[in-house]
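Keeping their order, the protein sequence lines are chains A and B. Each residue of the first sequence is one higher than the one before, counting from 0 in numbering that gives the first Met the number 0. Each residue of the second sequence is one higher than the one before, counting from 0 in numbering that gives the first Met the number 0.
Just so you know, the hints here were simulated from the structure itself, not pulled from any lab data. Backbone N, C-alpha and C fix where the C-beta goes; we use that ideal spot for every residue, glycine too. Among the clues, some could well be false.
Residues from chain B shown here face chain A by an in silico Cβ test under 10 Å; the list is partial [as the list claims (entries may be wrong)]:
id, residue
1, Leu18
2, Val23
3, Thr39
4, Leu44
5, Ala51
6, Tyr52
7, Leu82
8, Glu85
Each computed BS3-like pair below joins lysine-lysine, with the alpha-carbon atoms no more than 25 Å apart [unchecked claim]:
id, chain 1, residue 1, chain 2, residue 2
9, B, Lys62, A, Lys31
10, A, Lys198, A, Lys213
11, A, Lys133, A, Lys211
12, A, Lys30, B, Lys81
13, A, Lys97, A, Lys279
14, B, Lys140, A, Lys133
15, B, Lys9, A, Lys31
16, A, Lys12, B, Lys40
17, A, Lys154, B, Lys81
18, A, Lys30, B, Lys9
19, B, Lys120, B, Lys165
20, B, Lys62, B, Lys8
21, B, Lys12, A, Lys31
22, B, Lys81, B, Lys8
23, A, Lys213, A, Lys92
24, A, Lys92, A, Lys211
25, A, Lys211, A, Lys154
26, A, Lys216, A, Lys133
27, B, Lys27, B, Lys8
28, A, Lys211, A, Lys97
29, B, Lys1, A, Lys12
30, A, Lys30, B, Lys154
31, B, Lys165, B, Lys140
32, A, Lys92, A, Lys279
33, A, Lys154, B, Lys120
34, A, Lys12, A, Lys133
35, A, Lys30, B, Lys62
36, A, Lys269, A, Lys356
37, A, Lys12, B, Lys81
38, B, Lys27, A, Lys12
39, B, Lys27, B, Lys81
40, A, Lys30, B, Lys8
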Amino acid sequence: MKNSHESSHDFPKEQVRAAIQLGVEQGAAEKKRYQKNKTPNKKHTFVYAISSIAAAFIILLGISYQSPALAHSLSKLPVIGSVFGDSDLIGLKQAQEKGLTSQIGETKTINGISVTLDEVLYDQNNITIGLKMKSEKALGNEYFGSGMDFTIDGKAPSGSSGSYGEEILSPTTRTAMETITVTDDMPSEFDLGLILQGKNGETWYFSTPISKVKDIKKIPVQHTETVDGITLDVTEFSYGASGASVSFTSSEDATLADDGLSRADMIEFKMTDQNGNEIKSHSGGVQGERVRGNMIYTSNKQFDPIDSDVTEVTTTPYLSIPTGGGGVGMDENGEETELEYRRDTIQPVEFEPFTVKIPH
Amino acid sequence: MKHNSHVVKKAIKGDTQALETLLVLEEKMLYYKALSYVSTKEDALDAIQETAYHAILSIHQLKNPACFSTWLCRILIRECYKLLREKKRMIPYEDEVLLKNLEQKDEEKIETSYVREALAKLTPSYQTAIILFYYHDLSIKDIAEVLEMPVGTVKTNLRRARKTLKFEMERGHPFNEKLT
Chain A
0 MKNSHESSHD
10 FPKEQVRAAI
20 QLGVEQGAAE
30 KKRYQKNKTP
40 NKKHTFVYAI
50 SSIAAAFIIL
60 LGISYQSPAL
70 AHSLSKLPVI
80 GSVFGDSDLI
90 GLKQAQEKGL
100 TSQIGETKTI
110 NGISVTLDEV
120 LYDQNNITIG
130 LKMKSEKALG
140 NEYFGSGMDF
150 TIDGKAPSGS
160 SGSYGEEILS
170 PTTRTAMETI
180 TVTDDMPSEF
190 DLGLILQGKN
200 GETWYFSTPI
210 SKVKDIKKIP
220 VQHTETVDGI
230 TLDVTEFSYG
240 ASGASVSFTS
250 SEDATLADDG
260 LSRADMIEFK
270 MTDQNGNEIK
280 SHSGGVQGER
290 VRGNMIYTSN
300 KQFDPIDSDV
310 TEVTTTPYLS
320 IPTGGGGVGM
330 DENGEETELE
340 YRRDTIQPVE
350 FEPFTVKIPH
Chain B
0 MKHNSHVVKK
10 AIKGDTQALE
20 TLLVLEEKML
30 YYKALSYVST
40 KEDALDAIQE
50 TAYHAILSIH
60 QLKNPACFST
70 WLCRILIREC
80 YKLLREKKRM
90 IPYEDEVLLK
100 NLEQKDEEKI
110 ETSYVREALA
120 KLTPSYQTAI
130 ILFYYHDLSI
140 KDIAEVLEMP
150 VGTVKTNLRR
160 ARKTLKFEME
170 RGHPFNEKLT
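Isolated chain A, as found in the complex (with noise of 0.2 Å):
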């Protein structure tokens, strides 16, 4: 067979060895992983476990107090857990608890830099992603950009919303997630493609099947009502491991809108249990569309899960109206002009508090 990359391609050695290497690594972590499950003895496994453990912390102790710069470096050394373990959001832990969440853990390495797709929940809300980022060298604060793009069975979605962020733990390891809000034409099993791109050029792809979550409750709300203008129509309180939510639509005058004026747009929920205790929002996005003169807004929004012994819930609608803002518009010549903000003239509204029960 004739091989025509031969002699069109260079032979990057140093990259093909550090692939090798990193394999290599890699495949042996994996083979002690798997034979260390294997000893059929777990007491000694513990034993061993913690005395090498211990043996480990007096050499380090030992060599930190004979070194002070090895010591100052072991105060910075990062330690990376799970992405969604280290987070701060309760749902997500509890989720990952329960085992609701795949674990992946599948690296991939280009240019020195290590990047891993740790795990992935796909909830009634979001499909929650986890990665871990390592390099050789220092990375800038922007490196990967904004984000993944996502596929579905291969083909980009026609629009998406969603979120991400990373938590810089040093100038060469980094955590990331990302959230892509789920939508009714998602289906509940795919395979996800995730495509994430560095500063330099490199492109890391992974591509995993996923499957919503089976745990998530769903209660049919009707709660509607009208309110100075705003129609707010609740249609569903659901809730699994990984959070609560409540779906609605809400509707207003599509001039408010055009006037900077609308108040539809920024209804949120207050959620509390029968004892009055509060459940956590974590807000949610809001998607706008005009119709017949209206504007029409649909959302879920996102709330901590609720514990097992809650036998109710009440939910109170109320705006959350932004203290300041503005923003920039383009004149007929191209000019840039400063938009004046008027939301700071917007009157609360006052939604009634609706509740809902939960099936034991």
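Guided by the hints, dock chain B onto chain A, whose structure is given.
Quick look at chain B alone, frame taken from chain A:
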């Protein structure tokens, strides 16, 4: 490539260092072979990393030290194929080489573009079988391993793919078209 059997035996017994030495000796083969499948340097490096990973985990299964290179190559091809499947990309090939290997040279000269056109009309499993067998020189047994399917299925796919390809190429051939 022929390797020192002593080093291969050490690797089979679980000596990580010995295996790494062997992998480094095969580094050029690994790279260019990977590149011939996945086309981009980044993917080739990914495939090599995965190959090294799986080599460590399965070297103890290698029975004949003399077959180390072939065994390694098989892992590499499997990893390349996995990558291509993940990215839903086609296994690369060169039309002319494939055409030559399809033993069309003694017939009327067919433009290589017809090969690509005809191939595109085959089902993905037929396309894969044809390209792996005629272009990448894989044996039926290796194809079965790479595609994770029985040898019999590969043989059937290959036979049907050959038949369909021949039919499509003859149909697409300009000399077979009736000019009116």
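How the hints compare with the structure:
1. Leu18: It holds, given that the least Cβ distance between Leu18 (chain B) and chain A is near 7 Å, below 10 Å.
2. Val23: Interface hint status for Val23 (chain B): holds (6 Å vs cutoff 10 Å).
3. Thr39: This hint holds: Thr39 (chain B) lies near chain A, its Cβ roughly 9 Å from the closest one there, short of 10 Å.
4. Leu44: 4 Å, holds
5. Ala51: 3 Å, holds
6. Tyr52: Hint on Tyr52 (chain B): holds, closest Cβ of chain A at ~4 Å, below 10 Å.
7. Leu82: Leu82 (chain B) check passes; min Cβ-Cβ to chain A is 9 Å, inside 10 Å.
8. Glu85: Nearest chain A Cβ about 4 Å off; hint holds.
9. B:Lys62 with A:Lys31: 22 Å, holds
10. A:Lys198 with A:Lys213: 38 Å, violated
11. A:Lys133 with A:Lys211: Measuring from Cα to Cα gives roughly 29 Å; hence the hint is violated.
12. A:Lys30 with B:Lys81: 22 Å, holds
13. A:Lys97 with A:Lys279: 20 Å, holds
14. B:Lys140 with A:Lys133: Violated. Lys140 (chain B) to Lys133 (chain A) sits at ~39 Å, over the 25 Å cutoff.
15. B:Lys9 with A:Lys31: 18 Å, holds
16. A:Lys12 with B:Lys40: Given pair Lys12 (chain A), Lys40 (chain B) holds - Cα atoms ~12 Å apart, limit 25 Å.
17. A:Lys154 with B:Lys81: Given that 25 Å is the threshold and the Cα spacing comes to 18 Å, the pair holds.
18. A:Lys30 with B:Lys9: 16 Å, holds
19. B:Lys120 with B:Lys165: 11 Å, holds
20. B:Lys62 with B:Lys8: Cα-Cα ~10 Å, so holds.
21. B:Lys12 with A:Lys31: 14 Å, holds
22. B:Lys81 with B:Lys8: Violated. Lys81 (chain B) to Lys8 (chain B) sits at ~29 Å, over the 25 Å cutoff.
23. A:Lys213 with A:Lys92: Given pair Lys213 (chain A), Lys92 (chain A) holds - Cα atoms ~17 Å apart, limit 25 Å.
24. A:Lys92 with A:Lys211: Measuring from Cα to Cα gives roughly 17 Å; hence the hint holds.
25. A:Lys211 with A:Lys154: Roughly 19 Å between the alpha carbons, so the hint for Lys211 (chain A) and Lys154 (chain A) holds.
26. A:Lys216 with A:Lys133: 38 Å, violated
27. B:Lys27 with B:Lys8: Holds, because 22 Å separates the two Cα atoms, which is no more than 25 Å.
28. A:Lys211 with A:Lys97: With a Cα-Cα distance of about 14 Å, the restraint between Lys211 (chain A) and Lys97 (chain A) holds, given a limit of 25 Å.
29. B:Lys1 with A:Lys12: Measuring from Cα to Cα gives roughly 21 Å; hence the hint holds.
30. A:Lys30 with B:Lys154: 36 Å, violated
31. B:Lys165 with B:Lys140: 24 Å, holds
32. A:Lys92 with A:Lys279: Holds. Lys92 (chain A) to Lys279 (chain A) sits at ~15 Å (cutoff 25 Å).
33. A:Lys154 with B:Lys120: 21 Å, holds
34. A:Lys12 with A:Lys133: Judged against 25 Å, a Cα distance of about 21 Å means the pair holds.
35. A:Lys30 with B:Lys62: 19 Å, holds
36. A:Lys269 with A:Lys356: 16 Å, holds
37. A:Lys12 with B:Lys81: With Cα atoms ~24 Å apart, Lys12 (chain A) and Lys81 (chain B) stay inside 25 Å; holds.
38. B:Lys27 with A:Lys12: 8 Å, holds
39. B:Lys27 with B:Lys81: Holds. Lys27 (chain B) to Lys81 (chain B) sits at ~21 Å (cutoff 25 Å).
40. A:Lys30 with B:Lys8: 18 Å, holds
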